[in-house]
Amino acid sequence: MNKKINAFKLFGIFFYIGLFTLGGGYAMIPIMKQKLAAKNKYIGEDDFIEVLAVSQITPGPIAVNMATFIGYKELGILGSIIATLGVVLPSLIIILLLSIYFTGITGNTVMLKFFSGILTGIVAEIVYVTIDITKKIKINFFNLSILILSLVEIFIIKLNPIYVILVGGGLGILFKTKEFKNVSS
Amino acid sequence: MFLLKVYLEFFKIGAFTFGGGQAMIPILQRELVTNLHWITTENFLHFVSIAEITPGPISVNIATFIGYSIHGVLGAIVSTAGVASPSFILILLVATAMKKLQAHPVYRAFMAGIKPVIIALLISTIYIIASRGFHNNILPYIFSIIAFIVLIKFRLNASLLLLIMGAVGIFLL
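If you read the sequences in order, they're chains A and B. Each residue of the first sequence is one higher than the one before, starting from 1 at the first, in this note's numbering. Each residue of the second sequence is one higher than the one before, starting from 1001 at the first, in this note's numbering.
Hints listed in this document are in silico derivations from the structure and should not be mistaken for laboratory results. Treat the hints loosely; a few may be bogus.
Facing chain A, from chain B, some residues (calculated, C-beta under 7 Å) [said to hold, decoys possible]: (1) A1015; (2) I1053; (3) N1061; (4) H1071; (5) G1113; (6) S1159.
The beta carbon of each residue, even a glycine, is placed where N, CA and C say it ideally should be.
Model the full structure from these sequences, guided by the hints.
Okay, structure coming up:
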């Protein structure tokens, strides 16, 4: 059974996630997974992937979507407010400080180098998470076909990620509904 | 009243951008630079370049930047709230609906089809970050590989690794 989280911890985790998200919403997945789905097990692996998928097909910043979603799952409406505030506040504070004190930030190379260094770590972590999630998915014709099709859609056709998700989900409905019907009956 | 206009403008942008921050950039540019003249193209591109390398969701960063530049701290808070509001409302609706759907075979089949797609999207994220953030320089790639090895060998805490790589970046990049 998954553990229940309290409001302060929820805020803390998402503030932390907001602080370390460099390079867009997907960059926060490794830390989010570690904080919520791995060590403490507030949410299960499958739930985590569902949240990720739904956040991608719903409009708005993925980070905000995921925070609202997980906050709601954990602690209802209050949880969604707390998690969203948590993930947004670090950006707000950092950008405000930059706007007020460092108007010529492009010249501030130490900070840029620091962020570039972090980016190399983020790439390593996303590679790690990708391998981790891949290991947990069954290797069969269905999964492999969708993976290859998705890669073609993303890299060659350059389809928007929402459509890539909808195609995968649509194929799932087409070929898997019967299987799940049999399981539940 | 101007603040309400700022809020609504960013609300609209939050509501109509699918697929994360990168997708938001052209829409922001058209609305704020071309249609409303709230900021210049030059400033806009400057903000985008900083928003991409500072922590936090890119779209939230851009909203905060632009909000501040048009109406100070209050403008920044209002624009950030605006860009985050639609997600917040929509996700609440979706999450409530999902609670009821979760056991349905069609829903579970949809989710089964999505799992491999997530792997593809993660692979594309690696590609996007490396190709945009590493500036065709070989050194960051080498650091990434070393970071990856350290990660699997020592099971390092994710954020500790980022701080270490940040420090490495200051001295070596």
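Worksheet item: For the hint on A1015 (chain B), does the least C-beta distance to chain A fall short of 7 Å?
Response: Holds. Min distance 6 Å.
Worksheet item: Given H1071 (chain B) as an interface hint, is the shortest Cβ-Cβ distance to chain A below 7 Å?
Response: violated, 12 Å
Discussion item. Restraint: S1159 (chain B) near chain A, CB-CB cut 7 Å. Satisfied or not?
Written reply: holds, 5 Å
Discussion item. Quick check on the hint: N1061 (chain B) CB to chain A CB, less than 7 Å?
Written reply: Holds: closest Cβ of chain A sits about 5 Å from N1061 (chain B), inside 7 Å.
Practice prompt. For the hint on G1113 (chain B), just tell me whether its beta-carbon gets within less than 7 Å of chain A.
Written response: holds, 2 Å
Worksheet item: Holds or violated: is the Cβ of I1053 (chain B) closer than 7 Å to a Cβ in chain A?
Response: holds, 5 Å
The earlier numbered hint that this structure contradicts is number 4, and it is the only one.
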